[in-house]
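Engineer: Protein chains in written order, with the working numbering: chain A, 1 to 203; chain B, 1 to 203.
Check before you lean on any hint, since a few could be wrong.
A pair holds if it fits inside one copy or across any two, identical chains being indistinguishable in the list.
[Claimed, not checked] Okay, derived cross-link-like pairs now, DSSO-like style, lysine-lysine, Cα gap no bigger than 27 Å in a straight line:
1) 145 <-> 84
2) 186 <-> 201
3) 40 <-> 84
4) 115 <-> 201
5) 124 <-> 201
6) 50 <-> 84
7) 117 <-> 146
8) 146 <-> 115
9) 117 <-> 68
10) 133 <-> 17
These are calculated hints, taken from the structure and not from any lab test.
Protein chains: 2
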Amino acid sequence: MSLIDQKQEQILEAALKRFSHFGVAKTTMTEIADDLLMSKASLYYYFPDKTALVLSVGENILTDFIEKQKQVLESSNDFERGLKDLSAVRIGFGYKYFMMHIGDGQSDINTSDPKFKLLLDDLKQKEIEFVSKYIKRFVENGLVKKIEIQETAQLFIDVLVGIWIAEVHVRNKSLFPSEALFDGIKIKSERIISIFCDGLKRN
Amino acid sequence: MSLIDQKQEQILEAALKRFSHFGVAKTTMTEIADDLLMSKASLYYYFPDKTALVLSVGENILTDFIEKQKQVLESSNDFERGLKDLSAVRIGFGYKYFMMHIGDGQSDINTSDPKFKLLLDDLKQKEIEFVSKYIKRFVENGLVKKIEIQETAQLFIDVLVGIWIAEVHVRNKSLFPSEALFDGIKIKSERIISIFCDGLKRN
DNA sequence: TTTCTGACTTTTTAAATTAATTAGTCAAAT
DNA sequence: ATTTGACTAATTAATTTAAAAAGTCAGAAA
Numbered sequence: 001m002s003l004i005d006q007k008q009e010q011i012l013e014a015a016l017k018r019f020s021h022f023g024v025a026k027t028t029m030t031e032i033a034d035d036l037l038m039s040k041a042s043l044y045y046y047f048p049d050k051t052a053l054v055l056s057v058g059e060n061i062l063t064d065f066i067e068k069q070k071q072v073l074e075s076s077n078d079f080e081r082g083l084k085d086l087s088a089v090r091i092g093f094g095y096k097y098f099m100m101h102i103g104d105g106q107s108d109i110n111t112s113d114p115k116f117k118l119l120l121d122d123l124k125q126k127e128i129e130f131v132s133k134y135i136k137r138f139v140e141n142g143l144v145k146k147i148e149i150q151e152t153a154q155l156f157i158d159v160l161v162g163i164w165i166a167e168v169h170v171r172n173k174s175l176f177p178s179e180a181l182f183d184g185i186k187i188k189s190e191r192i193i194s195i196f197c198d199g200l201k202r203n
Numbered sequence: 001m002s003l004i005d006q007k008q009e010q011i012l013e014a015a016l017k018r019f020s021h022f023g024v025a026k027t028t029m030t031e032i033a034d035d036l037l038m039s040k041a042s043l044y045y046y047f048p049d050k051t052a053l054v055l056s057v058g059e060n061i062l063t064d065f066i067e068k069q070k071q072v073l074e075s076s077n078d079f080e081r082g083l084k085d086l087s088a089v090r091i092g093f094g095y096k097y098f099m100m101h102i103g104d105g106q107s108d109i110n111t112s113d114p115k116f117k118l119l120l121d122d123l124k125q126k127e128i129e130f131v132s133k134y135i136k137r138f139v140e141n142g143l144v145k146k147i148e149i150q151e152t153a154q155l156f157i158d159v160l161v162g163i164w165i166a167e168v169h170v171r172n173k174s175l176f177p178s179e180a181l182f183d184g185i186k187i188k189s190e191r192i193i194s195i196f197c198d199g200l201k202r203n
């Protein structure tokens, strides 16, 4: 890894800490520079602007997010268990990066920026991809009905997102999320997953 | 119906028109009075303040909302069809009264007002009640598994609300809802309802 | 030559001030 | 008992001002 890459890594790390704690809007470039004992101007030597930095941090998180979800599904042989574990991973990430409000509308991040749109579209596409792949395995297994796999995968994710947003948006009036909120999301998600899986079972 | 009640009805009617069209915040008491060719002071003779008027309109809508949903379920003998029709009623209301943003967070209405909370809590309770009653019929029929009925009813509603909010909140960037948005909600809701029903079917 | 910085300018956001609108009241009239 | 014009009080919107943050650059340090 080149020296310049190393420096960028350090910056990304420092930025991530602040972003995930305080959100993007409440984090200034000066603060990040100070954390690293460097000048703000140096920061701008490694990243052309704040957006690029945010985007880079976002990419890292989403790559990790996708990877963890893939792993969980690939290592699961129990259809329902796998989807519940997937849900747990998603909720874990949501909790960890809650302050960044990635892709939930009330975002710090300028979601209208086409670069962010691209990132989120890519996320969505990949999610549908690996969930589809997972479902396909169990269809071929004969454990799951022959269904429109892509549509079902999409629907599954939509339902998880729906429960997430509904809970955060409607119940969570207190700006900061509580443990209880996430527990609630987890329980509800698992319940619907159970029924969902039963609904897909081959009779 | 007494004269005073008649006047109140007229006012409620005029208020509803404005509210559902422009939202509560963008409707002034003067406008409502003008629509009725009466003075604002007269309005205040019949309603103590704007909140009371809004609350009264809200009550009417929610009563109607509950009633229509009940009817649909009571007159259905096909489990899945009934729930899909229920969904259609809900989406219809959501479309009609979208500008009022009833109970979706970004509300015009001061949802922290305990009187509104009461109204929405009551709605929720009644919804769980009639969906539970509906499910119970089919459990007793033997067409649906023996399950935790109340929890399942609640979950069902949560899923519909989730899909609704997720679509409106994430996809609908354009303040005003499009027909396409509601079509999307309808399609997704119906898909998940199908799987949901299959998941609850007795084998 | 590559990396870094202090001092700077520009842009954005927040706070304070002012103006306009709206909610709500009331004495008097119908 | 009901209605209203003329009023005040409270909220909201627009404008201005001040502060903070983003972003630049000539030149120093490695």
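Engineer: So which hints don't hold here, by number, going up?
Structural biologist: As far as the earlier hints go, 3, 4, 6, 7, 8 and 10 are violated by this structure, in ascending order.
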